[in-house]
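Novice: Can you make the complete structure from the sequences, with help from the hints?
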Amino acid sequence: SRERLMSLLPAVVDGQLKPKVWKTFPLDQTPAALAEISGRRVIGKVILTT
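Its first residue numbered 1, the sequence shown is counted upward by one per residue in the working numbering.
None of these hints come from the bench; they were simulated from the model.
The structure presented is a predicted model; accordingly, all values stated were derived computationally and were not measured.
A hint or two may mislead.
What the hints assert, rightly or not - Just the calculated beta-carbon pair ranges, DEER-fashion:
| hint | residue 1 | residue 2 | range |
| --- | --- | --- | --- |
| 1 | K18 | L48 | 27 to 37 Å |
| 2 | G15 | I43 | 20 to 30 Å |
| 3 | G44 | M6 | 15 to 25 Å |
Glycine included, C-beta positions come from ideal geometry on N, C-alpha and C.
Specialist: This is the structure:
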């Protein structure tokens with residue numbers, strides 16, 4: 001819920017809670033990123049960068 005997410009925000013801001021980034025892809029490699037996600041090979045977050 002939104003309330004639960006908002007309750008975690010202070011921990012993220014303080015650096016106590018860090019999301020696990022699995023891989024970063026340039027924006028032009030979006031199809032490759034989606035293939036990784038749909039292939040269920042992802043453990044963590046996939047980040048697209050510009």
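Novice: Decide, hint by hint, whether the structure agrees.
Specialist: Now the hints, each set against the structure:
1. A beta carbon spacing of about 19 Å between K18 and L48 contradicts the range 27 to 37 Å that was offered as a hint.
2. A C-beta distance of roughly 22 Å is found between G15 and I43, which places it inside the suggested range of 20 to 30 Å.
3. In this structure, G44 and M6 meet the distance hint of 15 to 25 Å, their C-beta atoms being roughly 22 Å apart.
The structure fails hint 1 only (numbered hints given earlier).
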